[in-house]
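Make the full structure from the sequences, and use the hints.
If you read the protein sequences in the order shown, they are chains X and B.
With the numbering used here applied, the first sequence covers 1 to 418.
With the numbering used here applied, the second sequence covers 1 to 93.
No lab work stands behind these hints, which were simulated from the structure alone.
Keep in mind that a hint or two might mislead.
Unchecked claim - Listed next, the in silico EDC-like pairs over lysine to aspartate or glutamate satisfying Cα-Cα at most 16 Å (straight line):
| # | chain 1 | residue 1 | chain 2 | residue 2 |
| --- | --- | --- | --- | --- |
| 1 | X | Lys144 | X | Glu159 |
| 2 | X | Lys298 | X | Glu312 |
| 3 | X | Lys107 | B | Asp50 |
| 4 | X | Lys107 | B | Glu83 |
| 5 | X | Lys140 | X | Asp125 |
| 6 | X | Lys111 | B | Glu51 |
| 7 | X | Lys107 | B | Glu54 |
| 8 | X | Lys140 | X | Asp122 |
| 9 | X | Lys298 | X | Asp322 |
| 10 | X | Lys111 | B | Glu54 |
| 11 | X | Lys111 | B | Glu32 |
| 12 | X | Lys107 | X | Glu159 |
| 13 | X | Lys29 | X | Asp266 |
| 14 | X | Lys217 | X | Asp258 |
| 15 | X | Lys144 | X | Asp86 |
| 16 | X | Lys321 | X | Glu296 |
| 17 | X | Lys160 | X | Glu220 |
To be verified - The following label-pair restraints were derived from C-beta to C-beta distances:
| # | chain 1 | residue 1 | chain 2 | residue 2 | range |
| --- | --- | --- | --- | --- | --- |
| 18 | B | Ala89 | X | Thr106 | 24 to 34 Å |
| 19 | X | Glu105 | B | Ala35 | 16 to 26 Å |
| 20 | B | Gly17 | X | Gly165 | 40 to 50 Å |
| 21 | X | Glu159 | B | Glu83 | 39 to 49 Å |
Unchecked claim - Listed below are several chain B residues computed to face chain X (Cβ distance under 8 Å; list not exhaustive):
| # | residue |
| --- | --- |
| 22 | Pro3 |
| 23 | Gly43 |
| 24 | His58 |
| 25 | Glu83 |
Note that beta-carbon positions come from the ideal geometry of N, C-alpha and C, so glycine has one too.
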Amino acid sequence: MPARKLKAPASRPVAVDDGGVILLVGTMKGLFLFSSGPSRRSWRKAGPFFPGRSVYAAAYDGRAGRRRIWAAPASMHWGAELAWSDDFGKSWTEPATPLVRFPEETKAALKNIWQIAPGRADASDTIYCGVEPSALFESKDAGKTWSLNTGLWNHPHREKWMPGGGGLCLHTVLVDPSRAGRITVASSTGGVYRTDDGGRSWQARNRGVRAEFFPDKHPEFGQCVHKIVQHAARPGRLYLQNHWGLYRSDDGGDSWTDIAHGVPSDFGFCMGIHPDDPDTAFIVPIHSDGFRCTPEGKLRVYRTRNGGGSWEAMTRGLPQKDAYETVVRDAMGVDSLNPAGVYFGTRSGKLFASRDAARSWELVQEGLPPVVCVKAAVVASAAAPERRAKPVRRVKTSPARRAKVSPGRRPARRRRAA
Amino acid sequence: MMPVSVLIPGPLQPFSGGRNRVGLSSPRTVGEALAELATLHPGVSERVLDERGEVRPHINIFVGEDNIRDASGLSTRLPEDCEVAILPAVSGG
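The structure is reproduced here in C-alpha cells:
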C-alpha cells in the first residue's frame with residue numbers, strides 16, 4: 001500500500017500584546033511568527049506559513065493604524081510574490097496576479113524579493129521592495145500596485161553589476177525619515193546608491209569602501225555590500241557590513257570610515273543598530289568568505305558603543321564551543337523598546353533573543369529551517385499609533401535562561417492560510 | 001479541433017477555483033493553451049510563465065507523455081483531444 005501523503009502543516013495566528021514585540025522570522029521553508037509582551041521574557045510561536053517556500057523578506061507596517069505583516073514567499077517552481085496578513089497570520093492574501101513584476105520592455109524576470117521596506121511615516125501608503133535581479137519597486141497605494149523605479153534600473157552602472165554568492169540582489173532599502181526624497185539602497189554586487197530626489201536619479205555612494213575582488217580596491221561602484229543600517233533619529237549615521245570590511249558613515253553615505261577595530265574578522269553579513277543610541281551597533285563576525293562560519297566555533301555578537309571605535313564580544317547565553325554558525329544578511333533585527341531587544345537567527349535554525357541590548361542572550365527556538373530573515377517590531381494597539389514603551393532604567397540582568405515558548409491562543413474560528 | 005484538457009497541479013488549484021482539470025476550446029499549440037488559460041485563470045498562468053512569457057525553469061509541461069522542452073517548447077502543437085499536464089520538476093533542497 002503506498003504511503004499516505006501528509007498534509008501541509010496548518011498554522012494558527014500568533015496572539016499579540018499591545019505594546020509587545022512581534023518577530024517575523026523568514027526561513028528557507030516558510031515564515032514563523034513569534035510574539036511576546038513588552039517584558040520579552042517568553043515567546044509564543046506560530047507557523048510555518050507558506051510551508052515549503054523560502055521567505056527572504058518580511059516587514060511589519062504599523063503606520064496609519066495598520067497591523068499588517070508583509071512577506072515574500074518564493075517557490076523554486078512557481079516564483080516569488082508578495083503576500084500580506086492583517087490579522088497576524090489568521091489569513092493571508094496572495095493576489096492571483098503577483099504584485100511585483102518587471103515590465104515587459106525590461107526583458108527581466110523576478111527571481112526573488114529580498115527586502116520589504118515601509119516608507120516614511122508621513123507617506124503611509126508608500127512601500128518599497130528590493131528584488132533580484134537588482135531593482136527597486138515602489139508602491140504608493142499601500143501595496144495595491146507596484147512600479148519599477150526606472151531611475152535606478154536605467155542607471156548606466158547597472159549593466160556592470162555582477163551577482164554575488166546570493167545572486168544579483170538589491171537587499172537593503174533605507175528610507176530617510178527626516179529628509180524627503182532620500183533613499184539609500186545596497187546591492188550585491190553593485191554597492192551603495194542614494195537618491196535625494198525621490199528616486200529620479202541615483203548616485204554611487206561607495207567612497208572608502210573596499211572591493212577586495214577587483215584589481216582597483218576602491219572603484220566607484222561594484223562593491224559587495226552585505227548590509228547597511230541607519231539610525232532613525234540621526235539618519236546620516238550609517239553602518240555598513242561589507243564583503244570584507246566594516247564601515248561607518250556620518251554623512252549619509254557620502255564617505256565611509258573603516259571601523260574594524262578589535263573584531264576577529266571584518267567579514268560578515270548581518271547588522272543591527274540601537275534604536276536610541278547611534279553609537280551602538282551589533283554585528284556577528286564570520287571567519288571568512290572561504291569559511292562562512294563563526295570564528296573559533298564561538299557564536300559571538302560584537303557590540304560597539306562608540307561608533308565603531310572599539311567592539312566587545314557579547315557571549316553570555318550564546319554557545320562558545322563547537323558553534324560553527326552562520327548568520328546571513330537579513331537575519332538580525334532590533335526592536336524599538338528600551339532596553340533594546342536584539343534578535344538573530346542562524347542557518348542551523350536557531351533563534352536567539354536579547355532583551356538588554358545584546359548583554360545577555362536566550363535561545364528562543366531551535367530546529368527551525370535555515371533562518372534568512374528576522375524583523376522585529378513593536379505592536380501598537382489597533383486604535384493608537386505606534387508608540388514606544390515606557391522607558392525603563394538600565395539594570396544588570398540575571399544570567400541567561402532558555403525562554404519558554406508557549407502556544408498561541410487558538411482563535412474562535414480558524415481560516416485556512418494560503 | 002477537439003477540446004484540450006489542462007491538468008492543474010495541487011499548489012495552483014487555489015488559483016483555478018479548486019479545479020484539477022480545465023477544459024479549453026481549441027488551442028493549436030501549448031502557447032495558445034496557456035494564453036487561453038490566462039483568460040480563465042490568470043493566477044495559474046502567472047505562476048507557470050514568468051514576465052517574459054517563458055516557462056519557469058523548474059516547471060515541466062507535458063503534452064501526453066512528451067515534455068515540450070524536447071519538442072518545440074510553447075510552439076509544440078496539440079493533437080486532438082489531448083491532455084496538457086503542468087508538473088513541478090523534481091528539484092528543491
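Now the hints, each set against the structure:
1. With a CA separation close to 29 Å, the supplied pair lysine 144 of chain X and glutamate 159 of chain X exceeds the 16 Å bound.
2. With a C-alpha separation of about 14 Å, the suggested pair lysine 298 of chain X and glutamate 312 of chain X falls inside the 16 Å cut-off, and the hint holds.
3. The suggested pairing of lysine 107 of chain X with aspartate 50 of chain B holds, with an alpha-carbon distance near 10 Å, which does not exceed 16 Å.
4. Simply put, lysine 107 of chain X and glutamate 83 of chain B have alpha-carbon atoms about 31 Å apart, too far for the 16 Å limit, and the pair is violated.
5. About 5 Å separates the Cα atoms of lysine 140 of chain X and aspartate 125 of chain X, which keeps this hinted pair within 16 Å; it holds.
6. A threshold of 16 Å between alpha carbons decides the hint, and for lysine 111 of chain X with glutamate 51 of chain B the separation of about 11 Å falls inside it, so the pair holds.
7. A distance of roughly 11 Å separates the Cα atoms of lysine 107 of chain X and glutamate 54 of chain B; the hinted pair therefore holds under the 16 Å criterion.
8. Of the supplied pair hints, the one linking lysine 140 of chain X and aspartate 122 of chain X holds, its CA atoms being roughly 12 Å apart against a limit of 16 Å.
9. A distance of roughly 7 Å separates the Cα atoms of lysine 298 of chain X and aspartate 322 of chain X; the hinted pair therefore holds under the 16 Å criterion.
10. For the hint linking lysine 111 of chain X to glutamate 54 of chain B, the alpha-carbon distance of about 13 Å falls within 16 Å, and the restraint holds.
11. With a C-alpha separation of about 25 Å, the suggested pairing of lysine 111 of chain X with glutamate 32 of chain B is violated against the 16 Å cut-off.
12. Taking the CA atoms of lysine 107 of chain X and glutamate 159 of chain X, the gap is near 13 Å; set against the 16 Å cutoff, the hint holds.
13. Proximity of lysine 29 of chain X to aspartate 266 of chain X is assessed by CA-CA distance (about 30 Å); at most 16 Å being required, the pair is judged violated.
14. Taking the CA atoms of lysine 217 of chain X and aspartate 258 of chain X, the gap is about 14 Å. The hint holds against a cut of 16 Å.
15. For a cut-off of 16 Å, the pair hint linking lysine 144 of chain X to aspartate 86 of chain X stands: about 14 Å separates their Cα positions.
16. Between lysine 321 of chain X and glutamate 296 of chain X, the direct Cα distance comes to roughly 8 Å. Compliance with the 16 Å bound is thereby established for this hinted pair.
17. With a CA separation close to 12 Å, the supplied pair lysine 160 of chain X and glutamate 220 of chain X stays within the 16 Å bound.
18. Hint check: alanine 89 of chain B to threonine 106 of chain X, Cβ distance near 26 Å, so the stated range 24 to 34 Å holds.
19. Remark: the range hint 16 to 26 Å for glutamate 105 of chain X to alanine 35 of chain B is upheld by a beta-carbon distance near 20 Å.
20. The hinted window of 40 to 50 Å between glycine 17 of chain B and glycine 165 of chain X holds, with their beta carbons roughly 41 Å apart.
21. Roughly 43 Å separates the CB atoms of glutamate 159 of chain X and glutamate 83 of chain B, a value that falls within the hinted 39 to 49 Å.
22. Annotation: interface hint on proline 3 of chain B violated; nearest CB of chain X at approximately 24 Å, more than 8 Å.
23. Hint status for glycine 43 of chain B relative to chain X: holds, with the closest Cβ pair at about 3 Å, below 8 Å.
24. Taken as an interface hint, histidine 58 of chain B checks out: its beta carbon lies about 5 Å from the nearest beta carbon of chain X, inside 8 Å.
25. Look at glutamate 83 of chain B: its Cβ only gets to about 20 Å from chain X, farther than 8 Å, so that hint breaks.
Violated hints, in rising order: 1, 4, 11, 13, 22 and 25; the structure is consistent with all others.
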